Amino acid sequence: MHATDTPHTEPLLDRVRRTAEELRLRSAEVDRGTLTPHDNYRLVREAGLLTLLVPREHGGAGLSYLDYTKVLETLAAGDGATALGFNMHNVAIGSLCETGGTGLPPGASRFRDWVFGEVVEHGRMFASATSETGSGAKLRRIQATYRTSGDGYILKGTKAFVSLAGIADHYVVAAREDGTSEADEVSHFVVSRDDPGVAFSGVWDGAALRGTQTATMTMNEVEVPRHRLFLGVEGLSLFKLVREPHWMVSGYMGAYLGIAESILRLMVRLLKDNEGRRSSPVVQAEVGRLAVELRAARALVHSAARQVDEGRGSLEANTAVHAAKYCVGELAPRLALGAVRICGSGALRTSGPLERLLREAAFCAVMPAKPDECLEYVGKSTLGFNLFDAQNFDW
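Under our numbering, residues 4 to 398 are what the sequence shown spells out, in order.
Quick caveat, the hints were computed from the structure, so don't treat them as lab data.
Take these hints with a grain of salt, some might be off.
Said to hold, decoys possible - Computed list of lysine-lysine pairs in DSS-like fashion (alpha-carbon distance at most 25 angstroms, straight line):
#1 Lys383 with Lys141
#2 Lys383 with Lys159
#3 Lys383 with Lys243
#4 Lys275 with Lys159
#5 Lys383 with Lys373
#6 Lys243 with Lys373
#7 Lys275 with Lys141
Said to hold, decoys possible - With beta-carbon atoms standing in for the labels, derived distance ranges:
#8 Asp181 with Arg352: 48 to 56 angstroms
#9 Trp117 with Asp276: 30 to 38 angstroms
#10 Ser152 with Arg113: 15 to 23 angstroms
#11 Asp116 with Ser152: 39 to 47 angstroms
Source: prediction; values computed, not measured.
Just so you know, even glycine gets a beta-carbon here, dropped at the ideal spot from N, CA and C.
Let the hints inform the model, and build the full structure from the sequences given.
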C-alpha cells in the first residue's frame, strides 16, 4: 500500500514525534556522509507529512500556519536538517494551500487541483528553486529566463542552493521573461526532476545540514507545459510576495525553534553528567537566562504565526514574521555558543551532537530573509513606509 494511502490513526503530533526520534538516530551519520538523507524523506513520506497543508476538502490535514510551525518545531528537535529540507516542500506549495477554492480562474483551479493530486494521490514531493549565485532569493535579480513556445514555455538558467535536489519530484522555479533586463515581473513554473534538460550537481559541500540534500540545479532549454505555470498566471510572483511574504521569509521559523530546543535539551543532558557544574549558581543562572530567551522567542514565533492565520497579508502579520525571523535566527547560534561555555570543551568532540548543532545553528542567521533585511523591514514598517509598494520592498 502506498504511504499516502495508509490510514494514520495515530495522533499527528505523536506521529511527528516518532518520526523525529527516528530521524535523530540517523542524524549524526547523515551529517558525516555515511548515510544518505534519501531515507529520511522516505520516513517523512511514510508518516503522511507531505499533505499537512493541503486543505481537507482535497484530502490533506489542512493545518494552520501556527499548527504547521509547531509540527516543524517538533520535527527539527529530532533533526534540524531534515526539518529544513521538508519545509522546502511546504514553501513550494504553502501559498497555494492558502488560496481559496472558490472564485479562482479556470487555469488557477486546474493548476491547484493538479498539485494537490500529485501530493495526496501520488505522494509526490515538491521543492523550491529560487536562489541564484550572487543574488540569493531576491526575485528582482533573477537571471533564469523563460519564453513561450507553442502551448508551453521553455526555461533556461541555473539555480543555487536547491534543497531536496534529486529527492523531490517537482521544483517550483522562479524565472523572468526572456529579453527583460530587470525582473519587475517574475513567474513561477513547476519543473519536474525527470524533465529533459534538468540536471543537478554534486551535493553542496557545506559546513552542516548535509541532510537538506542541497545542490545546484541547471535547466537547459527545459520544456514546461502550460498547465505547470503557477496558478496559470504570468508575472504574479513578486506581487504575491510583497503582499504575503511569510512563506519566503519565515516558513522555517519552526525549524529554528526545534534546533534551539535540541541545544537546550542537550545542554541539560550533558550537565546531568557533571554535578559540579550543574550545582553552580552561576551555571544555573546562565541556563535560566538561555531558557528564558528560548521561551520568549517561541512566544514571538507562535504569535507571528497566529497573526498570519488571523490576518494573512496584513502589515501587522508581515511585520510580525520579520521580527520573529530575526529573533529566532539570532537566538539559535547564541544558544549554541552559550552551551559551549556552560558545558566546556569536552562537549565539543568531533562529530559529537553539540559540535554538529553548533554548525547547524550558524545557518539560522544566514537563510533569507537575513537579519539586517528583517530589521530593515520592521524599521520601515515602524516609520510608516508603504510596504505594499514593491519599490519599498527589497525582494
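Hints and how they fare:
About 18 angstroms separates the Cα atoms of Lys383 and Lys141, which keeps this hinted pair within 25 angstroms; it holds. The hinted pair formed by Lys383 and Lys159 fails the criterion: a straight-line CA distance of about 35 angstroms is larger than 25 angstroms. With a CA separation close to 19 angstroms, the supplied pair Lys383 and Lys243 stays within the 25 angstroms bound. Restraint check for Lys275 and Lys159: the C-alpha separation of about 55 angstroms exceeds 25 angstroms, so the hint is violated.
Distance hint between Lys383 and Lys373 is fulfilled; the C-alpha atoms sit about 15 angstroms from each other, no more than 25 angstroms. About 20 angstroms separates the Cα atoms of Lys243 and Lys373, which keeps this hinted pair within 25 angstroms; it holds. Taking the CA atoms of Lys275 and Lys141, the gap is about 45 angstroms. The hint is violated against a cut of 25 angstroms. The hint said 48 to 56 angstroms for the Cβ distance between Asp181 and Arg352, and at roughly 53 angstroms that hint holds.
In this structure, Trp117 and Asp276 break the distance hint of 30 to 38 angstroms, their C-beta atoms being roughly 54 angstroms apart. A C-beta distance of roughly 20 angstroms is found between Ser152 and Arg113, which places it inside the suggested range of 15 to 23 angstroms. In this structure, Asp116 and Ser152 break the distance hint of 39 to 47 angstroms, their C-beta atoms being roughly 25 angstroms apart.
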